[in-house]
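Trainee: What follows is the residue order along each chain.
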Amino acid sequence: MDPADEVLELERRRCAAVAAGDLVGLAETLTEDYLHVFGGGTTSGREDYVAELKAGPRTHERHNLHVRVYGDTAVLTGNITNTMRYPDRPVRVVEAFVTQVAVKHGGAWRFVSWQITPKRQPAS
Amino acid sequence: MTASLDDIAVLTALEDARCRAISAGDLDTLRAMLTDDYLHVHMTGRVDDRAGHLAAVAARPRRSERGALDIRVYGDLAVLVGEQVNHGADSEGRPTATRAVCHQVAVREDGAWRVASVQLTPLRDPSPASEARP
Numbered sequence: 000m001d002p003a004d005e006v007l008e009l010e011r012r013r014c015a016a017v018a019a020g021d022l023v024g025l026a027e028t029l030t031e032d033y034l035h036v037f038g039g040g041t042t043s044g045r046e047d048y049v050a051e052l053k054a055g056p057r058t059h060e061r062h063n064l065h066v067r068v069y070g071d072t073a074v075l076t077g078n079i080t081n082t083m084r085y086p087d088r089p090v091r092v093v094e095a096f097v098t099q100v101a102v103k104h105g106g107a108w109r110f111v112s113w114q115i116t117p118k119r120q121p122a123s
Numbered sequence: 000m001t002a003s004l005d006d007i008a009v010l011t012a013l014e015d016a017r018c019r020a021i022s023a024g025d026l027d028t029l030r031a032m033l034t035d036d037y038l039h040v041h042m043t044g045r046v047d048d049r050a051g052h053l054a055a056v057a058a059r060p061r062r063s064e065r066g067a068l069d070i071r072v073y074g075d076l077a078v079l080v081g082e083q084v085n086h087g088a089d090s091e092g093r094p095t096a097t098r099a100v101c102h103q104v105a106v107r108e109d110g111a112w113r114v115a116s117v118q119l120t121p122l123r124d125p126s127p128a129s130e131a132r133p
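Residue numbers (numbering that gives the first Met the number 0), protein chains in the order written: chain X, 0 to 123; chain U, 0 to 133.
If you are wondering where the hints come from, they were derived from the structure by calculation, not from laboratory data. Computed from a prediction, not measured in an experiment: that's the story for all the values here. Just so it is clear, CB atoms sit at the ideal spot from N, CA and C, and this is done for glycine as well. Check before you lean on any hint, since a few could be wrong.
[Stated by the list, open to error] 25 angstroms max Cα-Cα, derived DMTMM-like pairs, lysine to aspartate or glutamate:
no.	chain 1	residue 1	chain 2	residue 2
1	X	Lys118	U	Glu82
2	X	Lys103	U	Asp109
3	X	Lys103	U	Asp69
[Claimed, not checked] To be clear about the criterion: a stretch of chain X counts as covered by chain U if any three or more of its residues have a C-beta under 8 angstroms from a C-beta of chain U, and this derived list gives those stretches:
no.	region
4	8–21
5	87–101
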């Protein structure tokens, strides 16, 4: 399979795990040193990120994905519709842009980082 | 992940130079340190290519400062994450300072590191534990 297609397949697996609440499957798509930057600018490692998704189940719909491959590393960018369902709170939908970095190690691609930026109108 | 002290020093110097070029409005120097396929994600989520980013810097002068950087090197690709403060002015000339987290990707081509992407996410005040984190 083409490396770009392999990275897109990794992202499909990640989204499916998120939607299913499969936290073990989700963790398997992330490296041990994974770094996650949330929409408010806070950062966390893999364990804390997975715990956040346990507290607030969600779905990630991706659009207009673009992959740039640099050898055994890749940068995945694109839009996301992030629908969060925290208990006892209204459903919250955030449109945003995400950059992810993936690394191929031992024949398998996994994500090493993620940053999400919610979309908003620029200040006038 | 293998990050040599040399790589860390070179990447730190690259980022210092990028901030100096932005702050000086030195677009030629800035262009030279960005890859041809560079992507820039503004704090609003808007995306620019290299030409669009350079035009934005020219149109809205600013001074960029970085805090401590978390640098991770994966062969010929590096991820740099840390706080960035952009000092500028609003439409009435009043000084502004915007804090963000900056996630950068640098790639090494022909022995030289260049920046392949920058994404900025505005830093909100610490949220209460009950607030959702997108």
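Trainee: With reference to the structure, classify each hint as holding or not holding.
Mentor: Here's how the hints hold up against the structure:
1. Pair hint Lys118/X plus Glu82/U holds up; C-alpha atoms about 19 angstroms apart against a cutoff of 25 angstroms.
2. Between the alpha carbons of Lys103/X and Asp109/U the distance comes to roughly 21 angstroms, so the proposed pair stays at or under 25 angstroms and holds.
3. For the proposed pair Lys103/X and Asp69/U, the alpha carbon gap of about 21 angstroms is at most 25 angstroms, so the pair holds.
4. Counting residues of the region 8–21 of chain X whose C-beta lies closer than 8 angstroms to any C-beta of chain U gives 0; at least three are required, and the coverage claim is violated.
5. Against chain U, the region 87–101 of chain X contributes 8 residues with a C-beta closer than 8 angstroms to a partner C-beta. That satisfies the three-residue criterion, and the hint holds.
Hint violations for this structure: number 4 only, all remaining hints satisfied.
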